[in-house]
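Based on the provided sequences and hints, a complete structural model is requested.
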Amino acid sequence: MSNPAESDRTPAEIDRMPAEIDRTPVEDADVCVVGAGPAGGIVAHRLAESGASVVVLEAGPRFDGDRQEQLEQHLRPGLDDPWGMGGPRDEFTSSGDSFYPLNAARVKGVGGSTLHWQGMVMRLHERDFELDSRHGVGADWPISYDDLRPFYAEAERELGVAGAMDNPYAPPREEPHPLPAFPPSHSDSIFAEACERLGIDMHSVPNARNSEPYDGRSPCVGYGTCKPVCPSGAKYTAESHVEKAESAGARVIDRARVRRLEHDSTGERVVAATYTTPDGETHRQTADQFVLGCGGVENVRLLLLSESEQYPDGLANSSGLVGRYLMDHLFAGMGGRLDRPTRQNHVGFNTSETHQFYDDAEPVNGLKLEFLNYAGPSPVIGALHADTWGDDLLGQLKADYGTHVAMGALVEQLPDEDNYVTIDPETTDDLGDPVPAVHWSIDDQTKAALERANEIQRTVLEELGVDVEWAVGPDNTGPAFHHMGTTRMGDDPESSVVNAECRTHDLQNLWIAGSSVFPTGGAMNPTLTIAALAVRLSQSVKQRVRN
Amino acid sequence: MRLTRRDAIAVLAGLGVVGGGAVAVDQFDPPTAETAETGETGDGGGDGALSATVTATMTAAAAVVYPSQTEGVADFVETYVVGRARDESRRDAMRDAALELDAIARDWYGDDFADLSADDRDSLLRELGVAAADPVADGTVSERIRFHVVNELLYAFYASPTGGRLVGIENPIGHAGGTESYQRATMLEDDAGRVERAERAGDAEDVEGSEADE
Numbered sequence: 003m004s005n006p007a008e009s010d011r012t013p014a015e016i017d018r019m020p021a022e023i024d025r026t027p028v029e030d031a032d033v034c035v036v037g038a039g040p041a042g043g044i045v046a047h048r049l050a051e052s053g054a055s056v057v058v059l060e061a062g063p064r065f066d067g068d069r070q071e072q073l074e075q076h077l078r079p080g081l082d083d084p085w086g087m088g089g090p091r092d093e094f095t096s097s098g099d100s101f102y103p104l105n106a107a108r109v110k111g112v113g114g115s116t117l118h119w120q121g122m123v124m125r126l127h128e129r130d131f132e133l134d135s136r137h138g139v140g141a142d143w144p145i146s147y148d149d150l151r152p153f154y155a156e157a158e159r160e161l162g163v164a165g166a167m168d169n170p171y172a173p174p175r176e177e178p179h180p181l182p183a184f185p186p187s188h189s190d191s192i193f194a195e196a197c198e199r200l201g202i203d204m205h206s207v208p209n210a211r212n213s214e215p216y217d218g219r220s221p222c223v224g225y226g227t228c229k230p231v232c233p234s235g236a237k238y239t240a241e242s243h244v245e246k247a248e249s250a251g252a253r254v255i256d257r258a259r260v261r262r263l264e265h266d267s268t269g270e271r272v273v274a275a276t277y278t279t280p281d282g283e284t285h286r287q288t289a290d291q292f293v294l295g296c297g298g299v300e301n302v303r304l305l306l307l308s309e310s311e312q313y314p315d316g317l318a319n320s321s322g323l324v325g326r327y328l329m330d331h332l333f334a335g336m337g338g339r340l341d342r343p344t345r346q347n348h349v350g351f352n353t354s355e356t357h358q359f360y361d362d363a364e365p366v367n368g369l370k371l372e373f374l375n376y377a378g379p380s381p382v383i384g385a386l387h388a389d390t391w392g393d394d395l396l397g398q399l400k401a402d403y404g405t406h407v408a409m410g411a412l413v414e415q416l417p418d419e420d421n422y423v424t425i426d427p428e429t430t431d432d433l434g435d436p437v438p439a440v441h442w443s444i445d446d447q448t449k450a451a452l453e454r455a456n457e458i459q460r461t462v463l464e465e466l467g468v469d470v471e472w473a474v475g476p477d478n479t480g481p482a483f484h485h486m487g488t489t490r491m492g493d494d495p496e497s498s499v500v501n502a503e504c505r506t507h508d509l510q511n512l513w514i515a516g517s518s519v520f521p522t523g524g525a526m527n528p529t530l531t532i533a534a535l536a537v538r539l540s541q542s543v544k545q546r547v548r549n
Numbered sequence: 029m030r031l032t033r034r035d036a037i038a039v040l041a042g043l044g045v046v047g048g049g050a051v052a053v054d055q056f057d058p059p060t061a062e063t064a065e066t067g068e069t070g071d072g073g074g075d076g077a078l079s080a081t082v083t084a085t086m087t088a089a090a091a092v093v094y095p096s097q098t099e100g101v102a103d104f105v106e107t108y109v110v111g112r113a114r115d116e117s118r119r120d121a122m123r124d125a126a127l128e129l130d131a132i133a134r135d136w137y138g139d140d141f142a143d144l145s146a147d148d149r150d151s152l153l154r155e156l157g158v159a160a161a162d163p164v165a166d167g168t169v170s171e172r173i174r175f176h177v178v179n180e181l182l183y184a185f186y187a188s189p190t191g192g193r194l195v196g197i198e199n200p201i202g203h204a205g206g207t208e209s210y211q212r213a214t215m216l217e218d219d220a221g222r223v224e225r226a227e228r229a230g231d232a233e234d235v236e237g238s239e240a241d242e
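Here the protein sequences come in this chain order: A and B.
Each number in this note's numbering comes from the position in the first sequence (counting from 1) with 2 added on.
Each number in this note's numbering comes from the position in the second sequence (counting from 1) with 28 added on.
Worth double-checking, as some hints may not be accurate.
[To be verified] Partial pick of chain B residues on the chain A-facing surface, computed with a CB cut under 7 Å:
id, residue
1, T81
2, V195
3, G205
Please keep in mind that the hints were generated in silico from the structure rather than gathered at the bench.
Backbone N, C-alpha and C define an ideal beta-carbon position, used for all residues, glycine too.
Laid out in structure tokens, this is it:
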């Protein structure tokens, strides 16, 4: 009988695994980090560098070697998911008005979801930290933009952000980005004509992607497949922080599925993380401090699975809010064709956007607009899905490629207690643990903001003379795969899960890193804020380890 | 429009096939008693006729699935197919699918696939349901031929700089070069940049030389 933990791996993954890997616990660990994504990777690196004994437990595998296998898996129909998501390990249920495609929204593995992300990294605006005070909606963060500002700068250096100080709507910053921005695309120059006439300011996009060599990684060479795979290594993935953490002495155990946290008899401290390895063995990792960095869904699941006599509703859940206030960014988009070449699909990232409407009060939801460099189909992918070949196919591809333009947008979803993550006791994964259950709906206010985004997009496209062919708005929107808010940060233990340091109110040595602590999510891609909070959290944990 | 070996090399480089020593057409030979013992293949000791069958079948299929104006198909396909054969699992599946297609041609049309007219090759593939089939590596015969023959060939063509240029993009996704071209309003007319990129993206000489490396 095959080991159930092995059964969810692809043959290629199993081939990559050395026959014997020591996955036993580390003795006398100061810090146990659960999850090897950007939050966990940065925390592990910072703490290991400071001399702490650090162990990282990661549920997914290492994806060592080049990325050509994943590139082909992405481009060619009929191959497995490049990052192996979606097997029995990753079962979930979804309810609410909107299906939540969880396994498209995350990757389990060393590097976490940065393995498949696109790499847009902008700071939240000042208003995002004080939405309740300013507008009477959402929540205030217990920290301000000014509190996080120096950590944003550090995070930009950690990720290697290519950007420019050309965004008049960005919050104040103290220094240029570490790398120069990618210049605007030809497609951007087409949009610029219309935006100029309409008084819409375009500016560069901060990208966690090397425009020059940086941090031992090459500059981008334009494979055009950033999401979900960068074969050149120019795109930041958290693998680089995990690697640095290991160089600094941290031990990283992959395919170690943490299933439960145990607390001491006082209920004030976590004493161990219990995890199962591919050989079916279950181990117990003790440590002085525990940091969760498993993402906005698995953080919740782990806390809830760790229920005890003392904490029957799960760990760190005296507020009853673990899992509540799930938020995502909603996508709005529109596109069509022009009567001239638009040169799409050369690169897989964007080079221009506008934050001009982000801070508007009507609608109060933040929204940012993007000018896409990958509008319309790629000929390669089109050919592989076609039901013909030869001259017929060439004719189809020529007709389909070359004149598309499109805009995208991210729209803020305000926190709502009725959007939540919990566990589904009726459905279990291959280890017999209840799976995460996501309950998610999109409220009318968010739909109104999506309509506003569509309205601006239509204005720009019509000014350009585009024949609009498609739109994604309130009726057919979907999540941008940024799940946030499920272990929210706050000063009041009755209305939040972690404090301003990102330490749980209930347990003295349990910390949460990642977007699950966001009280509001703005409309900016969250990873730079995740990284800034991870840098900040590292300082606090470091202090505790020293003490 | 002429495909070159360098086009094949550029696509192979995108797939991570660079350098790495000898690969020959007779990689497609089935193991002989002698090679089975040592686990070796492609040492020149196999059945050359069978090797020729695989490459001839793939080339004949390419002549149908590629646009009619395409020249240089044989060299392009051979270079690409030999490069792909470095992945053993892919090599065996491609060989099996090509041989299966060839056997069906003999059953249905009374001749080797490569010896059929272009119209008959096209008809055979369509009658087999390959045009409408989902590409599945280990699926039904139609699905396997779609995956290992037709889609393998289409990928090689439309991910290549020359194939991409035919559609209007000199740097189709899947290989390096997009950062050089994304700001341009039009394609460059000359091929100089393309050749440079192919050489930089992969160790061109190693790959190109490999098919003659004995």
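Outcome of the hint check:
1. Nearest Cβ of chain A to the Cβ of B:T81: about 22 Å, over the 7 Å cut. The hint is violated.
2. A hinted interface residue such as B:V195 counts as satisfied when its beta carbon comes closer than 7 Å to some beta carbon of chain A; here the least separation is about 4 Å, so the hint holds.
3. Satisfaction of the interface hint for B:G205 is found here, the shortest Cβ-Cβ separation to chain A being roughly 6 Å, below the 7 Å cut-off.
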